[in-house]
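Residue numbers (this note's numbering), protein chains in the order written: chain A, 51 to 462; chain B, 6 to 451; chain C, 19 to 201.
To be clear, the hints were calculated from the coordinates, so they are not data collected in a lab. Heads up, a few of these hints could be off.
[Unchecked claim] Which stretches of chain B does chain A cover? Using the computed rule of at least three CB atoms under 8 Å from a CB of chain A, they are: (1) 186-192; (2) 261-268; (3) 278-289; (4) 298-308; (5) 405-415.
[To be verified] Restraint ranges, calculated between C-beta atoms of paired labels, are given here: (6) Arg21(C) with Gly414(A): 25 to 31 Å; (7) Arg328(A) with Arg40(C): 25 to 31 Å; (8) Asp232(A) with Ser108(C): 52 to 58 Å; (9) Asp232(A) with Gly106(C): 49 to 55 Å; (10) Asp232(A) with Gly232(B): 49 to 55 Å; (11) Asp416(A) with Lys117(B): 54 to 60 Å; (12) Glu65(C) with Leu387(A): 44 to 50 Å; (13) Gly102(A) with Val59(B): 50 to 56 Å.
[Stated by the list, open to error] Pulled a few chain C residues facing chain A out of the computed Cβ check, cut under 8 Å: (14) Ala77; (15) Arg101; (16) Ile148.
Using N, Cα and C, we set each Cβ at its ideal position, and we do this for glycine too.
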Amino acid sequence: MTTTRTPFDIPAHASSDDPRVTLDEQLGVFEPIPPYPPRTEREAEFYTLRDGEMFVNMGPQHPSTHGVLRVVLKIDGEKVVDLDPVLGYLHRGVEKLCENADYHQAICYMDPLEYISSLFCEWSPVMAFEKLLDVQVPRRAEYIRVLSGELNRIASHALFMGWFALDLGGLTPILWSFIERDEIVEMLAALTGQRMLFNYFRIGGVNGDLNHEFMSRLGAWMSKATAHIDSNQALLNENEIFVRRARGLGVIDTATALQMCMTGPNLRATGVPFDIRRAHPYSIYPELDFDIPSRTEGDCLARYLLRMDEVRQSLRIIDQCLHQMPDGPVMAKLPRLIRPRPGRAYAAIEGPRGQYATYAISDGTDQPYRMRIHDPSFIHLQSVGLLTPGNLIADTMAIMASLDPIMGGVDK
Amino acid sequence: MTVVGRTWDRLTIPGKILAVVIPLGAALTAGLAILIAVVGGAVVQFLADNLPLVRFVVAATIVLLMTIPSAFLIIYMEMKVIALMNLRYGPDRVGPFGSALSVVHGLKVLMKEDFTPTGADVPVFTMAPVVVYMSSVLSLLVLPFAPGLFGQDFNIGLLYFFAMGGLTVVGLLMAGWSSFNKYSLLGGLRSAAQIVSYEIPLTLSVVGVILLAGTMSLNQIVLGQAGSLFDWYLWRQPLAFVVFFIAVTAEANRTPFDLTEADSEIVAGFATEYSGMRFGFFFFAEYVNVFIASGLTVALFLGGWNAPFNWPWPVTVGLDPGGLGIGLLLLLAIGPPLAIVVLGLPFYLLNSRIRFWQALVIGFVLFNVVAVGAVLGLAFLSFDWVVGLLWFMGKTYAFVFTFVWMRGTLPRVRIDQLMGFAWKWLLPAALLNLFVTALAILVLKR
Amino acid sequence: MDRALRRRLEARFGKVLTGPVRQRHDETEIRIGAGDVPEVLLALHDEPDFRFGLLSDLAGVDTGTSMQTVYHLWSDSSGDWLRVIADGLSRDDPRVPSVTFLWKGAEWMEREAYDMFGITFEGNRDLRRIYMPPDYASFPLRKDFFLADDASRSPAGGVRHMEQTHGPTNAEAGARIRQAPAS
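In isolation and in its complexed conformation, chain A is listed as follows (with noise of 0.2 Å):
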């Protein structure tokens, strides 16, 4: 078909949303290539085909790219040649917000960036504005802060679980999980009011006590949550198919690992154990006794298991606290409005996905000045750039899904 259908007078640089635009065949606006000249050396090389290449435009909707992610691939044929990932689909501008709104208004902003892990979005900037205000959060606060989030931690990596599989062609562990990380967000409903929205941490401590309900539930839970976890990780670990899409696939070193900013689960797989409950302690974790699982293969298998591992890690921790939690407030006193002296804090904390850090500035009055959120999500997301090439495109998922990013947190 030769003929090009333009009744209208379309400008050179429509958007490609534009209708008149799909009308056109002959600009080639199936093509994802920008409707602008390149900007920078990368995008010019990018967008720059050879002989045999092509590009595959996977996402916004696509069934696997866990949210809301455009990722231009560049492929030859089933090889993956080059990607460029496009954000910005799930842009809120949370920073901006935070700085609008006062200190505990703020928190509540955190919850919906990783939306499967919200207690460890809140903790951060929690910890940032204990700083900024110096207050000592009581102990039993502490501990409950570190139940309830290494039980958001367990409830994370079940659902990386499902999302691995499903990303590799299983159906079921994403049901098996599902199941299981739904046990912890009714418990966790019980404890703060929500399933997935918690909004429970708060400056100088956290919303309410434990009570019945939730205690009920998690006696009956940890009764049987050994047994549930192997039977779902056996699902995976035992088949064949699993292992061998799985090993060896998307490996990266330590030193390329740290080169690329990466933290948590990504950067023990290769190696290191940096973990900032033990490398850079906060809260409670000096006191509770839990190993730091590594593994040196660096690829996706050693990935996935690691967080098993970790899974394992974290029912040690829920049991040391339900063992020692001491008695005493939840809440350090504190003015309803808060006004913290001029200044600067930083506090990271030890997510399931890795760091999560709030840089805060407060210039005096009761809104922060300036609030930066570090996810570790954004971070891990760039090197799914420098693993794929070179692998094929049903790998690109499989090392999507291993580093685990959540669109919410890296779209912010």
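Starting from the known structure of chain A, arrange chains B and C on it as the hints suggest.
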């Protein structure tokens, strides 16, 4: 206004319908009688002369009509079984245990808008589902369901089967190419690579069976396995069975070899741009292919319609309805009402909250259950094809369950692993099997 | 607070520091000029006294009068987070050398700072917008960029009706914007 007009106005709506239908029927009957009287003899003679043709047309129609309900059944089975494996409920709203859900799905697919993407190659895009569905239905034609119950008994049945099965790839490539979508293109190319590669071990693994049976007619191959469990080719060709089963899974595009429609990678592969009933054809063809793959495995290796043990049948039933004479008519007239009353009576007597008409309804339902059971039992005892069909379907659905089970358990393999497995493992295994079988036949026959 | 780290920093970087080394809680803070960023970070990364191997965070800050880039580093040689503030970038054309030669993973964080503040990182090979659309003209996290419902913060706007829709906009010339604390 005439008399006819006044009368017509006075008629009620059913009366008007009858007034049209009865003369029309009478005219048609008269016309048909005249037609039969004039050319009937010639037509009957023609049909009698070309009995295989008649048989073929009838069988093809029945097979074509059979695919839809069997696809529905497999779709429901897959939804429900995978749901139970996933610890979900699965379909449970439409019909008993949600069993009508796949029918509703079929109707939904029929009613949905069917659109063609801009830039698609319209004739090819339209023909692709037809080709895929046609190749499935055509290969069903030679599958022996029961003694005497098959579409056509070619002496090159197996060859025909693989030829028709190989046509599928043409349809998938057409769909992938014509959709004007890169995911579709990738899916089509993957299916071409996959099906062409797995065709070779598939065909080679069957050659051993052909050597043993001495024929390519599926009917004869099944007859060659008559006897007990240990006469099945499964025991004489175990390696071929394994190779065949793996290759046929890949041919049917089922997990773990469902790369052509890998939803986490290339969205829906060749079917990405299809909607409405065109997608429905792809969907049905996939499940018909599952049925065919299972049926072929059963026919080749598990004895087809043969029972796994020497069942002491046929039991002669000394029942001759014709011998009753006029009593048969009497029995048919009195029997059902009497049975309904007798079956409904206990409910009326034992539960005071049931009215007599409710008891009659219950009795009617019970009578139907009993009567259908009795007729089926009689058929089971009297006709060996019913027994054969039951055994064949039982074995086939056991294999369909295996396919569903694999879908619920296994992840997907990667394209290079898929191709490597076909060429490095399955092909040598199939060749080894062929040589060993040929050698054994040579040695034993001599 | 790690007093030893403070002494080592003062001894090593005494010439390039533009302010005193500050310490509070578990944080140590130094201020340097924008031009010194590569040398200082390279020294902190490589020298056996420091070994700050992990770039924990990279942020841009608009102080209302100038721009900053803030680097947070972690080392196993110290119990503190080290904060390096590259201060005094002009608000009209903020430029700072990129650190992607040390940490390749800083690339996206620098892209984010460019997108949000308009800070140009010289040496970053892929400095384009990351969150906002490519044809977007403003830099949202600057202090002269007001949110739509930010009535109290935009002196010219006054109280706005809820029904009216306002897009986020850049401040008009002469509008009052928030200023960072002086320290």
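Comparing the hints with the structure gives:
Remark: the stretch 186-192 of chain B is confirmed as covered by chain A, as 3 of its residues place a Cβ nearer than 8 Å to a Cβ of that chain, reaching the required three. Look at the stretch 261-268 of chain B against chain A: 5 of its residues bring a Cβ nearer than 8 Å to a Cβ of that chain, three or more, so the hint holds. With 0 residues bearing a CB less than 8 Å from a CB of chain A, the stretch 278-289 of chain B misses the requirement of three and the coverage assertion fails. Taking a C-beta to C-beta cut-off of 8 Å, the stretch 298-308 of chain B contributes 0 residues in contact with chain A, too few for the three needed, and the coverage statement is violated.
Remark: the stretch 405-415 of chain B is confirmed as covered by chain A, as 4 of its residues place a Cβ nearer than 8 Å to a Cβ of that chain, reaching the required three. In this structure the hint that Arg21(C) and Gly414(A) lie 25 to 31 Å apart at CB holds, the actual value being about 28 Å. In this structure the hint that Arg328(A) and Arg40(C) lie 25 to 31 Å apart at CB holds, the actual value being about 27 Å. Look at Asp232(A) against Ser108(C): about 53 Å separates their beta carbons, and that is inside 52 to 58 Å.
For Asp232(A) paired with Gly106(C), a C-beta distance near 52 Å keeps the hint of 49 to 55 Å intact. Between Asp232(A) and Gly232(B), the C-beta spacing of about 53 Å keeps the proposed range 49 to 55 Å intact. Evaluation of the 54 to 60 Å hint for Asp416(A) and Lys117(B) yields a pass: the beta carbon distance comes to about 55 Å. Evaluation of the 44 to 50 Å hint for Glu65(C) and Leu387(A) yields a pass: the beta carbon distance comes to about 46 Å.
Checked against the given bound of 50 to 56 Å, the beta carbons of Gly102(A) and Val59(B), roughly 55 Å apart, stay inside it. The interface hint given for Ala77(C) is met, as the beta carbon of that residue sits about 4 Å from the closest beta carbon of chain A, less than 8 Å. The beta carbon of Arg101(C) comes within 6 Å of a beta carbon in chain A, closer than 8 Å, and the hint placing it at the interface holds. A distance limit of 8 Å between C-beta atoms decides the matter here; for Ile148(C) the minimum to chain A is near 5 Å, and the interface restraint holds.
Comparing the model with each numbered hint stated earlier shows that hints 3 and 4 do not hold.
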